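Engineer: Sequences and hints are given; from them, build the entire structure.
Read the sequence shown against this note's numbering and you will find it ends at 1197, with the numbers running on by one and no gaps.
The hints are simulated quantities; they were obtained by calculation from the structure and are not laboratory data. Note that the coordinates shown come from a computational prediction; the quantities given were computed from them, not determined experimentally. We treat Cβ as the ideally placed atom computed from N, Cα and C, and that holds for glycine. Errors might be hidden in some of the hints.
[To be verified] Pairwise CB distance ranges (calculated):
| no. | residue 1 | residue 2 | range |
| --- | --- | --- | --- |
| 1 | 1023 | 397 | 22 to 30 Å |
| 2 | 397 | 1074 | 28 to 36 Å |
| 3 | 620 | 696 | 47 to 55 Å |
| 4 | 776 | 1125 | 43 to 51 Å |
| 5 | 839 | 776 | 16 to 24 Å |
| 6 | 762 | 788 | 25 to 33 Å |
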Amino acid sequence: MIIRQIGRGIILAFVIACGGSTGLAEDLFVDQVAPILQRRCLDCHNDGLREGELSFSNSDDLRQSGYIDVDTPSDSYLLELITPIAGHAEMPKDAEPLDRDELKIIRRWITQNAPWPEGHRIEPRIIDDRDWWSLKPLLASERTVDPSVNPVDAFITRSLGAQGLQAVEQAAPSVLLRRITYDLTGLPPSTKAMEEFLKNWERDPEATWSATVDRLLQSDHFGEKWAQHWLDLVRYAETHGFDKDKPRPNAWPYRDFVINSFNDDKPYDQFVKEQVAGDVLYAGTEDGILGLGFLAAGPWDFIGHWEVGEEKLDGRIAKHLDRDEMIAAVFNVFQSTTIQCAQCHHHKFDPIAMQDYYRLHAVFAAVDRADRVYAGLSAEEKSEKDRLEAKLNTLRKTQNTLQTKLDQQIASATTDIDHRIEEVFIQSPPQTEPPPQYGFHSQISPDARNEKWLQVTLANPAMLSEVRLIPAFDRYNDIGAGFGFPVRYRVEVSSDADFSEDIRLWQDATERDQTNPGTRTIVISGDSRIVRSIRITATQLRERRNDYHFALAEVEAIEASMGENIASTATVSAKDSIEAPVRWAKQNVIDGVFYKELNDEFALEELHRLREQRNEITKQFRSSKMQQSINRVKEQIQEHEIQLKKIPVGQKVYAATTSFPGGGKFVATEGKPRPIHLLLRGDLRSPDALMTPGAPRLWQGAETVFFEKDSWNEGDARARLAFYLTSEQNPLLWRSIVNRLWGWTFGSPLVSTANDFGRSGTTPTHPELLDFLAVQIRDDPKHSIKSILRLLLTSDAYQRSSRIDPAMSKRDAENAYCWRANRRRLTAEEYRDSLYSIAGILDHSLGGPSFQDFRIEKPEHSPHYQYHLHDFNDKASHRRSVYRFVVRSQPQPMMTTLDCADPSISIPMRDESTTALQALTYWNDRLVEYAADQFAKRMDAHHEDADQQIRFACRLVLGRGPTKQETRILKQLQTIHGNANVARVLFNMNAFVYLD
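Structural biologist: The following block contains the structure:
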């Protein structure tokens, strides 16, 4: 909002005199005005969120805003904003205007000079009304129908009657088997399974259906299919996301945990507890650790945690957002509650205060995401590993603390020099930012004395007058000029291209540490002899951030007679190199592109002189007792790392943890919670009260404060949250899961906003049915998911035809009341797995590390995932799609086109779009082409007769034999174009791509 400027003649402030306001005027404000301001205005105009620089929290805020003109109250800008024109007003923004009575009250108040009783504050409204369907207690409904009738059908039939709707007929048996086989396993039924099913159906349809449901629920493939639903929901992927989307090689054990949990029909409350506090509540079990992969499944900011760290505001913001992501996941997934909406202000619709939100931050205050061991170590090895990792974390924290103090001392001693350096840049600014080509960058090393070399081999032998080394420039870790220039080095030349003979030393800088040259060029004179190769060997690497490296921007070889640089046509080699073009590459050192800080040579000379002065001061501090202490700590870190490497690695899962080796600025808490404050406006720079663990009172009797004292055990805090979530009195947990089960079974949930059961979400289409199912799973001693699914799948509602009845469609076009089955397209995973299955090459093995259907480049820096380089003949990739390595930043193109879930957010239900690109993918994708070729081989091997081949193909792909018309068309296609094209046509038929 733009504040209207008020001229000097208008009084910007109005005076509220305590004795000048009548009791009547004060009553008007307290009884009528304040409630309107609180209800309609304060959400956007309060102490924390001052939209348009306006707050209605107290009289001082309003007095200073200039929105009220006390000279001419009727001309006040506030009245202009709230008065509707043609039914629309500027305020409240994006909401209905104030009604006539509300406007009358506000206008009357303003014309009375807006009296405001002294000391009166209007506080943001906290919703405490729990009179909302999802927050009401679950009550067991009385069963008033025939026990032989499936209760699901009883509720559905009652709703259909109330809406004047009539259900369609039951689907054909072959359609039903195809539907349920895909719904429960994600794979097509085999021809044998179809034949046996149809034969048994003729004898006893009900018994056959019941047996089929049981058989498929017991299949190992059930867990693979239903785990995919859960993985969509919990934002699972195997890379971090964000700028450096690095791989998570140990994420997959959590995926297997989910598959096994569904196959084992693990009690739902245990499934929840393991994913929040399994290490505490199920200590000593593998699943107790594996389940914590849930908290770590979402995106993670590598730069914010590893490179920036919590010493800086950006690092603390990254940590805050990390906890927010965990909290949102817990409440969106298990509670269908948008807890994250209370970060900057109280929740606008649901009974969640900011205090509740930040209490949950306190629950996870000690938790990070990292690899942790879940199996493969003895108790003694595990104990020793934990001890060493804890000691390493303590040492790293000490190192960071000492380093920060030393840096502060240096900064204090060099204040004047730094100020002059800033002036030089202001007076003589560079023309451009650094070019995109930074130069050469070696691989990172944990040891400064790990020698690295870079060699420039000239196209032809030449006599050189000098070699010039131009330092690199990179603002990483605030290093800037001289980035990666060796602390100690030597420059050698040879007349031999292989650098095996006639090696001459041109410069030896290995005896003592060299001052960082900044951007000053290092010039090395020649010896008037022929040179073919130039080698720069870094004998002591420059520190980067708790690690070491060697970098150069440019190497120039100046020919003696002409004085020209002849290195541009040379070849470049190195001991090792980070190849991440265009920024870093070996060839960059001869491209003639490098950063010049200043174009003014005199200013550049002064800059170099100032930096030398600064380096001399820094050197003095680097030899101080504090630096010696830092060096001793580094030595201890190296010693403990050596001891740690002697212990077996063990089997690891990427999960929530408080103890891990860490690295860079990423240091474990060892279980000590970080201090959590309530943040005004959600801003880390505005901390308020210190918070302790707790949760919102979303139902009567819910525990909101977990501990009375200000200190607590972090594992106990998560355990209290786990018990809070799985309480039998918690109506949200049980309603949420059965709503999801319904949606994943019927194609549409009873509550369409499956992650939001609050007032901003939708209401259930069948509230009594939803509560009946919720009570069923809650009161079941086994809390069995399969029992609920069995109830749904054996209902008449599930077995209906998907035929659209025009009369019913007019009344209920969305099929909200289940008068027919929902027709759906195969998911991306189902389509891919079906192609492999039909082609006869699907690998059915369960569990284990994920396969990669891409080639990965530069995994150590910013990885590139190259799907177009994948070899489809690689049998490791012939497994189910649930075992595919899922990348966030560069998702698999075919899967994305076919509406695969975005792994960076919680996806309760897949979208189903229809695009031209999908049609092209079904026909032209490399996978389709490969699968068609493999299927053609299977058709050829099945029978020599063309008719038999087509019948065989249709039974496998469509679940039925071909019609006469299909036979005629496919035979003609087969004759002209062969079986591979017959396969591609079948793979594109609606009868295959869609489930009726």
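Engineer: Against this structure, judge whether each hint is valid.
Structural biologist: For each hint, the structure was consulted:
For the hinted restraint 22 to 30 Å between residue 1023 and residue 397, the CB-CB distance of approximately 27 Å keeps it satisfied. In this structure, residue 397 and residue 1074 meet the distance hint of 28 to 36 Å, their C-beta atoms being roughly 34 Å apart. Distance hint check: the CB atoms of residue 620 and residue 696 are about 50 Å apart, consistent with the given range 47 to 55 Å. Checked against the hint of 43 to 51 Å, the C-beta distance between residue 776 and residue 1125 comes to roughly 44 Å, which is consistent with it.
At about 22 Å, the CB distance of residue 839 to residue 776 agrees with the hint of 16 to 24 Å. Between residue 762 and residue 788 the beta carbon distance is about 26 Å. The supplied range of 25 to 33 Å therefore holds.
The structure agrees with every numbered hint stated previously.
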